[in-house]
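Chains as they are written, first to last, in the numbering used here: chain A, 12 to 215; chain B, 1009 to 1481.
If you're looking for bench data, these hints aren't it; they were derived computationally from the structure. Heads up, some of the hints might be wrong.
DSSO-like cross-link-like pairs, simulated, lysine-lysine; straight-line CA separation at most 27 angstroms [to be verified]: (1) B:K1290 with A:K150; (2) A:K150 with A:K93; (3) B:K1097 with B:K1030; (4) B:K1154 with A:K150; (5) B:K1154 with B:K1030; (6) B:K1154 with B:K1098; (7) B:K1097 with B:K1154; (8) A:K93 with B:K1154; (9) B:K1054 with B:K1097; (10) A:K87 with B:K1098; (11) A:K87 with A:K150.
Given the structure is predicted, the values throughout are model-derived calculations rather than measurements.
For reference, the chains in residue letters:
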Amino acid sequence: MLNYLIILFAVTLIYFASAERLIIYINMLALQGLLLGGIAVFELSEINTGNLLFISAETLLIKSILVPWLLFRITKRSGVEKVHRQAMPGFYQLLFLIAGLLISVTVANSIPNPYINTIFMAVALFTLFTGLLLIVTHKLIISHLTGFLIIENAVFLFSLAVGNEMPMLINIGILLDIFVGVLILGFFGLRLKPRTNELTILKD
Amino acid sequence: MVLLFFSASVFLSLLILLFRNKIATMIFSSIYALILIGFTIYGWTKLNDTELSYFTFSSAGLLLLAILALLSLPTFYHGFIYTSGEEIKKHTIYHVAMILLMTFMAGAYLANGMTILWIFVEATTLAVAALIYHDRTEASLEATWKYVFICSTGIAIAYLGILFMSFIYGRGDAANLSFETLGGIINQADPLYLKIAFIFVLVGFSTKMGLFPMHTVTIDAHSVAPPPVSALISTTLMNVGFLSIFRVYTLFSSSSILGFMNHVLILSGVLSLLVSAGYMLKARHLKRMLAYSSLENMGLIATAIGAGGAGYYGAFLLLFLHSLTKSSLFYQMGQLSRILRTFRLDDCGRYMSLYPAGAMVLLLGMIFILAIPPSGLFISEIMIFRSLVFNGQWIILAMVIILLCFIIYAMSTRFMHIIFSDPRSDTGQLTATSVSPVESISQFILLSIVAGLCFYQPQVLTDLINGSIQLFL
Chain A
12 MLNYLIILFA
22 VTLIYFASAE
32 RLIIYINMLA
42 LQGLLLGGIA
52 VFELSEINTG
62 NLLFISAETL
72 LIKSILVPWL
82 LFRITKRSGV
92 EKVHRQAMPG
102 FYQLLFLIAG
112 LLISVTVANS
122 IPNPYINTIF
132 MAVALFTLFT
142 GLLLIVTHKL
152 IISHLTGFLI
162 IENAVFLFSL
172 AVGNEMPMLI
182 NIGILLDIFV
192 GVLILGFFGL
202 RLKPRTNELT
212 ILKD
Chain B
1009 MVLLFFSASV
1019 FLSLLILLFR
1029 NKIATMIFSS
1039 IYALILIGFT
1049 IYGWTKLNDT
1059 ELSYFTFSSA
1069 GLLLLAILAL
1079 LSLPTFYHGF
1089 IYTSGEEIKK
1099 HTIYHVAMIL
1109 LMTFMAGAYL
1119 ANGMTILWIF
1129 VEATTLAVAA
1139 LIYHDRTEAS
1149 LEATWKYVFI
1159 CSTGIAIAYL
1169 GILFMSFIYG
1179 RGDAANLSFE
1189 TLGGIINQAD
1199 PLYLKIAFIF
1209 VLVGFSTKMG
1219 LFPMHTVTID
1229 AHSVAPPPVS
1239 ALISTTLMNV
1249 GFLSIFRVYT
1259 LFSSSSILGF
1269 MNHVLILSGV
1279 LSLLVSAGYM
1289 LKARHLKRML
1299 AYSSLENMGL
1309 IATAIGAGGA
1319 GYYGAFLLLF
1329 LHSLTKSSLF
1339 YQMGQLSRIL
1349 RTFRLDDCGR
1359 YMSLYPAGAM
1369 VLLLGMIFIL
1379 AIPPSGLFIS
1389 EIMIFRSLVF
1399 NGQWIILAMV
1409 IILLCFIIYA
1419 MSTRFMHIIF
1429 SDPRSDTGQL
1439 TATSVSPVES
1449 ISQFILLSIV
1459 AGLCFYQPQV
1469 LTDLINGSIQ
1479 LFL
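Excised from the complex, chain B in its bound form:
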């Protein structure tokens, strides 16, 4: 089935390139989204099965694949709207790159070995580069350049980490670097090698996860990428980075370096929170502010993994809910840019009177992303705090709470200004542009899932999360 899925992706991409017609592109992209959803459901029925030797339907991989499947239809829908007025060449490249990006991400989620995982992560960089460069402006070229350059450097560094892991093997061992094989011999390895490998992998894959100190790459990409692309960069692509790091963390957790890894993750997480709080307080660009909010959430997830205990569950729940909430906000950015024609915060205002449906998405999205009840993120953050309290890490807890207060202040004042106040700068009268409230429906659906998960978490979700962290239960 994995082979069939990859073949279908390539086939549909080729068809889009062949037909070069907007209606045909829309049909083929929708078919791809349905195939992706079907593939995810098939994966659920084959939990922990391996196919083609290199792909396993693990719980963690399936959970992230489910997020991708859930977001695929709205991403294509908002992509169609974004590219509707564009020439056929750009339209075609956009949708082919989008299908390839989703396929590469699916491959990375299901990869059961370090080398295959690395190849798919590298491939996502290629597809994202084409999407960030979509508008063909000087700014988009610069952002794409930075993204490709820093990601390539990160990927090269992560590859060094993989090579260090390969040094664990002795001559004549089966050297396919699968997680299963590595897990069997990890306790015989020199801890120093494991520490070096972990640092390289963490720094390298941080370019994808958007963690400090490699976060700048995604921030710049967000300022110029089309909103539906930003939605994926900020959610499912960051999840690829998280999963890569978490795979290595899980692999090494049975060795003596678990404490070391936890300290490094907490340090990286708190520094990410610090940087995001600092930049959000002086944010002038709406999409960059949302990008820093993603940095904040990734920082919280890293801290949660480092704290352990209930933090593991909290981290996965936060990952899931953050993906739904942040993608809703980024989808809304597409509508906002058509109404306000800018992302500069000083020029934004009166959104409630201009586009009430969109303003409600912004308002709810802000409440939910800041983990204010009835947001499901509230539950995940409570779990993270609980694990910090349980470990007696009071200083870390205090720092996290203080930084979150700054973030809540920075984000809520800016969002309230956009929704209710007049623009600060005198750039002329804002006029209502006709944007249908129907476009916001997908965002309301995603946000209602986030609210629902505050009160009830279905068995399938808890099973997948527990399956992902079963080694630590």
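Chain A extracted, bound-state conformation:
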């Protein structure tokens, strides 16, 4: 079951390349939150029930409800619905993502660790790659935010891999979630140039 959830998570990442509407980005992030909640429940079988409940509840509340809701508000306010005109064409992004997936699988296989599932490692690396790709290839602030949230999911996936031994690391990852959810999305996301959605004032 765990492997199915992880692979489904990887599929959502590939879907980002072909998506053109921001609402799909938001839905995908909400779905990723749900999947991560499921992965946490199945993976963290050795930690105490209270901590497991806290981690699962946090994942579902912040990653699949609060953050997508804030993103939805930002898109409503900015009036920007599509990303494709200001980004690399979907076909090239898809090629990059497939290359990224192959590289991630190769790297994960070449650095085996007795305590970490190789699929975990491969998908976490692929998630990191996807997040960075979205930030680099897109111009809209909302796409950068999406890219960052995907990187955050990569961090969470990595921390789940060692979660049974070091639950403290997951809790610190949750701190990062709250930091981003509240500060970046809640405060800045709603204040930054709502019409053009670009940053142009500061330059050399």
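Keeping the supplied structure of chain A fixed, place chain B upon it in accordance with the hints.
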């Protein structure tokens, strides 16, 4: 005592929020600065002691804490001047954020484990964001956004590095990721994991240290942040980034990847120098130019650590002296902006006739930051060059010297223009504004320390630096 220090910081911040009075804020902030100085002196008496399990008064941490303590009073002083005419809400937020920033930085310096260090580094981002956004303009919002976004991305990447470090552990190990525990098992780790962890940590914490390729974040922050805040971002906050990277470097140095780390640091350092030289040659904004000068110095420090040998001592000495010199220059920017009302280089000029005391700070600051004797930075840079010569890294040495020549040319011509020439653009007559020369006293004191250290380094300083690098001696 660590708990007492943190409690006092929170208590004083709450008092400032409660009173919402400028005089009270001034008193509470000054008390905080004195507590910070006292805490640093206490740390000296408890060298290498651990408190609350997560904080150790290590030599490196104490050295950087001493810099923070030294700069705390002038930073508050110039902050009071900067915020004197502002409404009470902004005034209060500024000083509370400043106290919290200093406390978080102190926590990061003393942290003895990767996770605690990471938490404090993340916390500094929150406090700095409030300070950069102080002026509430569109430009400050953009700079704050960039700072928070890039720093958060960097912190997330650094966290991935920490997770890779955690993969070193086997099941059932004591997993608090303290430097001491990690140091004991580092030789059993897969070098590939260590390399990946180091790269992630270097890239991630570079957002704080301001190294290439994550340097842009601090440059933009400098253009809009209040000058006393720029002084801290460019010195003590960059030192937080340096210490985070240096902790991991020291930890991994006993493994087989030492050579790899040195190469990566030298590459990052030289590229930082290249970028700073390129941008300083076309600089149009005074504070951005100073920010690129910080990038240059961080690049030199990274190169020095990568070179090893005498470079280790040189790097710490440069870190110390750069903090004093650069903060003086940034404090002076507050006075300069009140007299010239701009940071655009084309609109700046005749500073010597308008404000001689400030012009002298600029002149001395320029000489000192460019490591021209009697600057103490001269000694540190000579040590860095010596280590490069000792290693036979002639090409690196030549590149560093050539890039430094460009930087010296770019900075000195622009500073001389501000001090002695008329403004290039015709923006009307500059009139002398009443700024007391007394405001420059703190800057002269800091610069005189930098000059003094060229000729004599007190035992306490050399002991702290040697204690920080004892693993490499």
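The hints, checked one at a time:
| no. | hint | result |
| --- | --- | --- |
| 1 | B:K1290 with A:K150 | 26 angstroms, holds |
| 2 | A:K150 with A:K93 | 12 angstroms, holds |
| 3 | B:K1097 with B:K1030 | 10 angstroms, holds |
| 4 | B:K1154 with A:K150 | 13 angstroms, holds |
| 5 | B:K1154 with B:K1030 | 31 angstroms, violated |
| 6 | B:K1154 with B:K1098 | 21 angstroms, holds |
| 7 | B:K1097 with B:K1154 | 24 angstroms, holds |
| 8 | A:K93 with B:K1154 | 22 angstroms, holds |
| 9 | B:K1054 with B:K1097 | 39 angstroms, violated |
| 10 | A:K87 with B:K1098 | 30 angstroms, violated |
| 11 | A:K87 with A:K150 | 18 angstroms, holds |
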